[in-house]
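Asker: Given next are the chains, with one letter for each unit.
Number of protein chains: 2
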Amino acid sequence: MSHPLVNARIRAIPPTVPFVGPEALTRKTGHVFKARIGANESVFGPSPKAVAAMQKAAAENWMYADPESFELRHAIARHLRIAGNNVVIGEGIDGLLGLSLHVVLSPGDTVVTSDGAYPTFNFHVAMHEGRLVKVPYRDDREDLAALLDTAQREKARVLYVSNPDNPMGSWWPASDIEQLMAEVPEDMLLILDEAYGDTAPVGTLPPVDVNRPNVLRYRTFSKAYGLAGARIGYCIGPADLIAEFEKVRNHYGLNRVGQLGALAALEDQDYLIEAVARIARSRERIAEIARGANLAPLPSATNFVAIDCGRDGAFAKQVLDGVLARDVFIRMPGVAPLNRCIRVSCGADENLDLFANALSETLAELR
Amino acid sequence: MSHPLVNARIRAIPPTVPFVGPEALTRKTGHVFKARIGANESVFGPSPKAVAAMQKAAAENWMYADPESFELRHAIARHLRIAGNNVVIGEGIDGLLGLSLHVVLSPGDTVVTSDGAYPTFNFHVAMHEGRLVKVPYRDDREDLAALLDTAQREKARVLYVSNPDNPMGSWWPASDIEQLMAEVPEDMLLILDEAYGDTAPVGTLPPVDVNRPNVLRYRTFSKAYGLAGARIGYCIGPADLIAEFEKVRNHYGLNRVGQLGALAALEDQDYLIEAVARIARSRERIAEIARGANLAPLPSATNFVAIDCGRDGAFAKQVLDGVLARDVFIRMPGVAPLNRCIRVSCGADENLDLFANALSETLAELR
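Line order of the protein sequences matches chains A and B.
No gaps in the numbering here: position 95 of the first sequence is 137 in our numbering, and each next residue is one more.
No gaps in the numbering here: position 364 of the second sequence is 406 in our numbering, and each next residue is one more.
Please note: incorrect hints may appear among the correct ones.
If several chains are the same, the list does not tell them apart, and a pair holds so long as it fits within one copy or across any two.
[Stated by the list, open to error] No farther apart than 30 Å at their CA atoms in a straight line, the calculated lysine-lysine pairs in the DSBU-like style are these:
id	residue 1	residue 2
1	70	98
2	91	76
3	359	70
4	76	197
5	359	176
6	98	359
FYI, nobody ran anything at the bench for these hints, they're computed from the structure.
Note that this is a predicted model, so its numbers are computed, not measured.
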């Protein structure tokens with residue numbers, strides 16, 4: 043029963059939480075995690091220059107941040123060789139996904155996504171009264187052709203694609219995404235979530251082209267840049283569509299310290315390259331651990347690896363629970379057949395040693 | 043002309059910006075402000091313990107914050123002697139106002155506020171398709187009786203009241219607010235914005251009573267706590283209504299550093315008391331400066347003082363512009379008759395010396 047003051051649209055939404063945090067698991071079970079490799083954060087952290095910038099900014103945190111995020115927005119624009127008005131900053135990609143739907147969606151409009159893709163996106167679709175249509179993954183990848191076909195057939199207003207994708211870590215080369223962008227009808231918005239773009243092989247991200255009127259692309263400082271706690275994401279697109287975010291965004295919603303951290307992180311591309319290399323080595327190590335346990339790691343372009351546990355979702359859940367019970371925080375996909383996997387974020391060697399032991403003990407127990 | 047993908051409700055909203063920041067003024071005019079006393083921030087800053095906590099947190103900013111904000115939420119609850127599920131944290135009061143309307147308002151619902159009160163609230167009403175009805179201030183205070191009468195007559199879904207109020211700095215004693223709370227009909231939500239409650243005289247804030255089913259109260263770390271850049275506000279209310287925010291809030295939207303800063307600030311009540319005393323002395327000094335310039339300072343329970351310039355809005359705007367041109371950032375109310383005033387935030391002595399000179403030079407020039 044909802045509170046009587048709640049409106050009909052919100053009353054219709056079931057109370058769901060997209061992701062339970064590790065802190066909540068600890069409060070529930072008493073387990074204090076020794077390795078935190080479940081939320082696709084970067085244990086390698088942000089650039090030391092970003093940390094220094096944030097420490098300096100802490101003493102100045104009595105000031106609101108510039109509501110136009112001018113410095114950061116223009117630094118991103120310069121980095122991408124676009125104009126400042128092609129960029130809007132938000133409280134992570136999550137916040138920007140919600141704002142995008144607020145701008146574009148009308149009640150009852152159809153939104154197409156992959157079954158098992160980002161639950162937080164679906165959460166935003168529900169609160170903006172969209173009708174969600176899900177397309178199965180194919181061979182553990184988002185099925186671009188089926189997504190487009192379904193979106194056209196269902197006259198969708200919005201099509202959501204992530205590349206590389208979460209939770210499987212798979213990806214399409216830029217040429218396939220470019221073809222998709224070219225084929226999406228004019229009256230449909232393509233939301234292209236590139237949260238994991240920084241860790242993908244060269245040739246995965248199509249060149250930025252803000253002249254496409256119906257494509258918005260989303261990137262973040264939460265993953266390779268190592269600033270998940272800062273909550274700074276950005277959306278890139280045509281200036282006239284980006285301008286509409288001004289009507290719905292929380293102009294003073296962005297924290298000062300995080301923005302200055304993101305700016306310093308962006309300016310330290312050498313560190314980013316190093317972090318991406320460490321992430322790549324960590325992916326290899328996770329794959330080795332999986333193979334050593336007779337499980338099948340999936341190829342990944344992200345900062346995590348999905349490991350196929352070889353049986354059904356119930357079995358993978360047992361593996362997950364065993365690893366969690368051994369104080370290693372990981373997650374797993376929520377939907378079949380993806381949920382035959384567990385999902386392990388990249389970590390430092392000591393994190394992965396703990397994971398390897400936890401996995402091996404768990405599998406021994408389950409045998 | 044809106045972008046063709048924009049939905050009808052957003053297309054109908056004119057492109058407005060609630061508040062232009064001082065950084066944008068500097069970019070536009072070239073003036074670098076020597077005193078920043080226009081946005082009701084606290085130049086006295088947060089507790090040194092909060093700064094230390096934020097500096098420590100900066101290095102851990104690779105981790106998402108707990109999406110349940112458990113520690114901070116429960117610390118606030120303990121402080122107010124209520125339960126943790128009577129509190130929701132958001133990206134400043136601004137963010138929480140938007141979420142509240144998303145939960146409660148249906149398109150076309152009426153919302154009553156004071157004419158000249160918080161523009162950001164009105165901005166949120168517009169984006170949630172509310173019908174805004176404004177009630178004039180009376181004797182430079184929000185007119186509680188007329189607000190309630192109007193809300194009842196117009197069958198409003200939401201009534202917005204701030205106490206103390208912005209931009210005039212006036213306030214009602216707790217007994218009047220309690221009477222209002224008792225009289226608001228059951229099917230109407232009272233949004234009670236207490237952003238400036240920490241600087242108000244004892245007896246201004248009614249006791250917290252989360253058993254009132256239709257009252258939500260909003261507080262912040264941005265004002266007396268000196269953490270405007272952290273973007274941490276909170277909303278207090280009945281558990282069943284607070285629970286509905288889970289359906290619309292950005293669960294991972296709150297930055298880690300800001301939350302840890304807010305927690306440390308909350309725990310340093312001695313510093314808060316000192317800051318409030320400095321704010322009170324600064325209010326006195328602003329009033330003296332105004333009187334010395336033959337202008338009339340209004341009584342204030344906030345961290346700013348509205349100064350009646352004695353003529354119309356056009357004249358006050360000239361005063362404002364003169365002070366801005368002398369590199370002192372202040373603001374003024376936007377609506378007559380409030381706009382016969384300028385609004386000056388509390389500052390350190392050196393800030394107010396600059397203001398005194400700028401004001402005196404401006405008035406000499408205008409005479």
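Asker: Give a verdict on every hint.
Answerer: So, going through the hints one by one against the coordinates:
no., hint, result
1, 70 x 98, "between (36 Å within a copy, 27 Å between copies)"
2, 91 x 76, "both (27 Å within a copy, 28 Å between copies)"
3, 359 x 70, "within (18 Å within a copy, 57 Å between copies)"
4, 76 x 197, "neither (48 Å within a copy, 56 Å between copies)"
5, 359 x 176, "within (23 Å within a copy, 55 Å between copies)"
6, 98 x 359, "neither (44 Å within a copy, 36 Å between copies)"
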